[in-house]
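Use the sequences and the hints to build the structure in full.
Listed in order, the protein sequences are those of chains A and B.
Residue numbers for the first sequence follow our numbering, so the first one is 1 and each next one is one higher.
Residue numbers for the second sequence follow our numbering, so the first one is 118 and each next one is one higher.
Please keep in mind that the hints were generated in silico from the structure rather than gathered at the bench.
Incorrect hints may appear among the rest.
To be verified - As a list, the in silico DSS-like pairs of lysine-lysine whose alpha-carbon atoms are at most 25 Å apart:
1. A/62 <-> B/215
2. A/78 <-> A/62
3. A/78 <-> A/11
4. B/215 <-> A/78
5. A/11 <-> A/62
6. B/215 <-> B/173
To be verified - Derived list of chain B stretches under chain A, where covered just means 3 residues or more per stretch with a C-beta under 8 Å from a C-beta of chain A:
7. 160-169
8. 214-225
As the list claims (entries may be wrong) - If the Cβ cut is set under 7 Å, some of the chain A residues that face chain B in the computed set are:
9. 31
10. 42
11. 43
12. 91
13. 95
14. 104
15. 105
16. 108
17. 109
18. 110
19. 111
Ideal Cβ positions, reconstructed from N, Cα and C, are used throughout, including at glycine.
As a plain string of letters, each chain reads:
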Amino acid sequence: DARVTQTPRHKVTEMGQEVTMRCQPILGHNTVFWYRQTMMQGLELLAYFRNRAPLDDSGMPKDRFSAEMPDATLATLKIQPSEPRDSAVYFCASGLPLGLAGDNEQFFGPGTRLTVL
Amino acid sequence: TQLLEQSPQFLSIQEGENLTVYCNSSSVFSSLQWYRQEPGEGPVLLVTVVTGGEVKKLKRLTFQFGDARKDSSLHITAAQPGDTGLYLCAGANQGAQKLVFGQGTRLTINP
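Below, the structure is given as structure tokens:
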């Protein structure tokens, strides 16, 4: 049963600390998305990658957030320094290569619940 | 900027009742998806509608794409507690894999 995995599932940290969230996309998926979900803003797209290259990171605060794909099996989202307003659930999703049937379906991981005190 | 508005934002009804959730936009989308999200989990795709006027059924759930491909609705017949969750609509454009998500409808079905 292929699934997107995310670690950690929960993270509590203090303001100013660095936070790294990891995602393993489904094998064979070459598109990876990072979202942030809050009650107030809903699901917001932060960044997405295709074939490990960033296509759009316009939704991401550049001064403190960074997203990378060191290899095809790992995507990371880093916040440095973290602030209380970053508290949210962060989701990673992956998708099939463009052109294949169902290529705009996104498969979401279980999320990382981040609390910044 | 393309936006999707969902209504209602919150809905709490009794088991056995029917309900409809709406997803509206001023923009045209090439397809529209509906996802359901349960507490502590990520959204899971329920259905994709592609053609204007298309109707798809998934057991007690009926999804419709507007003729102009700007809006969609989700109708649940005889709702059950297992239908409880956050329902999200998402619009897609041809050739682009980025989705535009609505704010969601939080549905609670009381036994």
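Evaluation of the provided hints:
no., hint, in the structure
1, A/62 <-> B/215, "holds, 19 Å"
2, A/78 <-> A/62, "holds, 11 Å"
3, A/78 <-> A/11, "holds, 13 Å"
4, B/215 <-> A/78, "holds, 21 Å"
5, A/11 <-> A/62, "holds, 21 Å"
6, B/215 <-> B/173, "holds, 23 Å"
7, 160-169, "holds (count 4)"
8, 214-225, "holds (count 7)"
9, 31, "holds, 5 Å"
10, 42, "holds, 4 Å"
11, 43, "holds, 5 Å"
12, 91, "holds, 5 Å"
13, 95, "holds, 6 Å"
14, 104, "holds, 4 Å"
15, 105, "holds, 5 Å"
16, 108, "holds, 3 Å"
17, 109, "holds, 6 Å"
18, 110, "holds, 6 Å"
19, 111, "holds, 6 Å"
In summary, this structure violates none of the numbered hints.
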